Amino acid sequence: MLNKCQVMALQMPRRVDVHTNSPNLALERVKNVLWAVMGVWAVVTVARFANGLGATSALTDAVPWGFWIAFDVMAGVALAAGGFVIAAAVYIFGLNRYHQFTRPAILTALLGYLAVAVGLLYDLGLPWHIWHPMIMPQHHSVLFEVAMCVMLYLTVLSLEFSPAILEHPLFHRPFFQKLLHVIKKVTIPLVIAGIMLSCLHQSSLGSLFLIQPFRLHPLWYSPIMWILYLVSAIGLGLMMVTLESLLSAWLFGHPVRTDLLAGLGKMASFVLSVYVLLRVGDLWYRDKLLQALDGSWLAGLFLFEILFSAVVPATLLAFPRVRHSIAGLATCSTMVVLGIIGYRFDTCIIAFARPKDMPYFPTWIELAVSAGVVAGAVLVFIFFNENLRIIDHGETTAPSEYDAAKAKRAPYTFTPAMRRHSLCFVVAAAAAIGLLPREAIYGPEPRPTPVAHSRQVEALAIDREPPLRRAFHLSSMSGSVPASADADPVVVTMIDGNRNWRFVAFTHDAHAQALGGRESCRICHHQNMTFDQNTACYQCHRDMYEITDTFDHLLHVEKLGENGSCAVCHRTEDRAKSRESSLACWQCHGDMVVEGSMIQSTEAGLTGFAPGYMDAMHGLCIRCHENLSETQPEVYGTEFGRCDVCHREFKDTDHRRLAPYVPMPPGHVMLSNAEKTATQGSE
Amino acid sequence: MSAKVDNKHTFAILTDTTKCTGCEACVHACKQTYGLERDRAWRWKQNVDDLSSTRFTTITTRPGSHHVRRQCRHCLEPACVSACLVGALQKTPEGPVIYDEKRCMGCRYCMMACPYGIPRYKWESAVPVVRKCIMCHDRIKEGKQPACTEACPYGATIFGTREEMLTEAHRRIEAEPDKYYPHGSPKIYGEHDVGGTSVLYISDVNLDFLGWKPELGDEPVPALTWGALRKVPPVALGVAALMSGVYWMIGRRMHLQELQEDVEQVPGDGTSNASES
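Residue numbers (my numbering), protein chains in the order written: chain A, 12 to 694; chain B, 518 to 794.
Any given hint could be a false lead.
As the list claims (entries may be wrong) - Per label pair, the in silico range of CB-to-CB distance:
1) A:502 <-> B:549: 31 to 39 Å
2) B:773 <-> A:142: 30 to 38 Å
3) A:307 <-> B:736: 24 to 32 Å
4) A:368 <-> B:750: 27 to 35 Å
5) B:736 <-> A:446: 42 to 50 Å
6) A:512 <-> B:750: 50 to 58 Å
7) A:512 <-> B:754: 34 to 42 Å
8) A:446 <-> B:759: 33 to 41 Å
9) A:338 <-> B:736: 45 to 53 Å
Derived from the structure by calculation, the hints contain no laboratory data.
Treat the numbers as computed from the prediction; the structure is a model and nothing was measured.
Think of the CB as a built atom: it goes at the ideal place given N, C-alpha and C, for glycine as much as any other residue.
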């Protein structure tokens, strides 16, 4: 049963003391910082939900679980383990001397799990479906078990904590007092349910990774991961309660009960030793222990993690002198808290394999979301501490009578502290808006894929039946070409705009010949750069996939005479100065347009936008090929529009031989080269 | 979960990389069938030609001009299906593993679980969904074959019942055992890997790069978590019983101790609080 003093209510809210009588400077400073974090959080929240995960996080298909899962969920649940550990110690094992830790521990657990739930809303792609597991259960999923346990445990924690709220004078009405009585009656069943649910989901968070032995490093992957997760969570829970009471003693100015904390330290030392023995013993049993010494950086990380999180603090806490000193307790508990969070990060992100070229480092928005969730939880913790009886100071107060007049809220006034908090919130929010990356504001934008120029290579061509007509042997001019074959030496243009080695061998000369010699250039070459007659495709279609804006406004302003020159192009005074209302390019640059071209984007459509290189090439080639397969099937075959007429296998492509053909810096450096190519090609 | 595979009635795709020229007709057909947008170079794609939310199948070129078509393997016992906590991913009796975006909550555990790293996410969207090959489930039910196998001009990727495909694959590798990898005793990729898949490969190059690890083993992946998950009910009852037992025992011992103390020091009032707390 509960301590008698817990039934009693507080006479006056502590907040009054803090703000009027004895302003607590440390607490006020901490609150200012927390409110500032909340300001940033408000901004990133809008960005996250307005523009999605791609715009605000660093997550990729290779790293679908990032900082939010590792910290908000994995570490958050583990940090909240103190609630069930202390509840078990006090209510089940009868260790009543730790009773003063129960409420802070249960409150921490409640807020921790709420933070987990809120953090999860950010991570889920479709957070409004978060209730789906309840009506669409799939009981083969570990995550289903975790979800159900967390949901139920949140309910249990709310009930466990509800007496603290119902004791407040605001609830001194018969109905609430009856409710309080009922909840206190079921304390023990609630505690037992809480322990059961905690054991289940603390361990199941480890089971989540059992499905991926292929990606998780063998030093972390283990068939008993679920036991390791549970035991480490218990150790962490004890140390978190310790760290938290040290922190709140500092913030609220209570005396530190080192005698009690030493007891927790002793328990933690034991639990952490068990954790180390299990982890190392399991590795030894499965013959993986030597991998820890193989010198790789992950092996180093493993050694550091296990020393920092468990071995060193467990050893230190085994000495009574250390665990009875505030410095010793603070050091050890900090090490364990950081170390076990590190363990969660390692399994979730760091030791979880991903392609080498897809590194993951969270964006500051991800960090700000998590920081905001934590700050919110801490602010609620402080609020409850100021208004409810959370930490038992030993003094007992007489139960106050319910006074309806007193319980009515006083008219709201802004205290100086509130003004400071608001200022911090607003300033931080403004700073965050300023720092938001472009994508977080306007939505994700594709990255540029600059197009590189095509290149001419020698090849041997062997005749084949339609629709392929010819096979090309690119580099091995001798050898693998069948001796019987009648091979023609030809020059082909390798078209590989994004330099991914998946090129098309384009026979420029053969195409020109088939289309009518020199007069046929205009059929495909539909437009030139200004003051140019041999513009290659890539010079305007500069991005592989995205539309390129080929019009340089700044250059025109400069050349035409700065501010006075607007009217040179923008001639309509009654319309806004836009691209549509100004002169078209060809009206000044007559040499840009090639008469008689197949491509229709000449005069009317000439507004300075060039489609992506791939779309342009496909648009140009496929239409003509399909026409030919319909009009001249006897020459070209009926399938001349098929993909592999152009995209085909190239025999004996020797990458080394084509070594000069490597990714080059994009842009106009290569212009002269390309001009040469274009001239050569047309002759 | 571990039902015997009915090879006669479940469908499969067999891809023979020796016949593939990398023309991407399959990719084009797939994109047409599902009305997929054009590929764009987003931050989360290191290679636009890779599998993505707009590309359910793609051709990966290996050194020496070997073209390998990648797509969902449609495992017989899929890790993603066992991982999904709302049943948004389902293994159909016809073979395809299909996805229902109305159920999905976007936890991306399927992406974490897949041994082949197949599911892709629509990261650019504020309402994102998982995207992957569904082996044209609707077309299969209509009696047609998937768009990709229909489009292949070289018969490099073919469709049929799993039994037919395995027979065909065995016929090919036995006819030319030195052509296929590993040379001499070729392997049918997907025949036994992770309990068998509905997308099979025979190849002249090593295809181990398709999985996250060279050797995925023949054990179905879901069995790994089910081993731990099946212990949940007994553990739950065990913990509850143990805690109740401990509570009762310790409570009784303290009660007895109090009685004893009361007997020993009758006028004591310092111990009366102990029973309250």
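Evaluation of the provided hints:
no.: 1; hint: A:502 <-> B:549: 31 to 39 Å; result: 34 Å, holds
no.: 2; hint: B:773 <-> A:142: 30 to 38 Å; result: 49 Å, violated
no.: 3; hint: A:307 <-> B:736: 24 to 32 Å; result: 27 Å, holds
no.: 4; hint: A:368 <-> B:750: 27 to 35 Å; result: 44 Å, violated
no.: 5; hint: B:736 <-> A:446: 42 to 50 Å; result: 49 Å, holds
no.: 6; hint: A:512 <-> B:750: 50 to 58 Å; result: 54 Å, holds
no.: 7; hint: A:512 <-> B:754: 34 to 42 Å; result: 60 Å, violated
no.: 8; hint: A:446 <-> B:759: 33 to 41 Å; result: 52 Å, violated
no.: 9; hint: A:338 <-> B:736: 45 to 53 Å; result: 51 Å, holds
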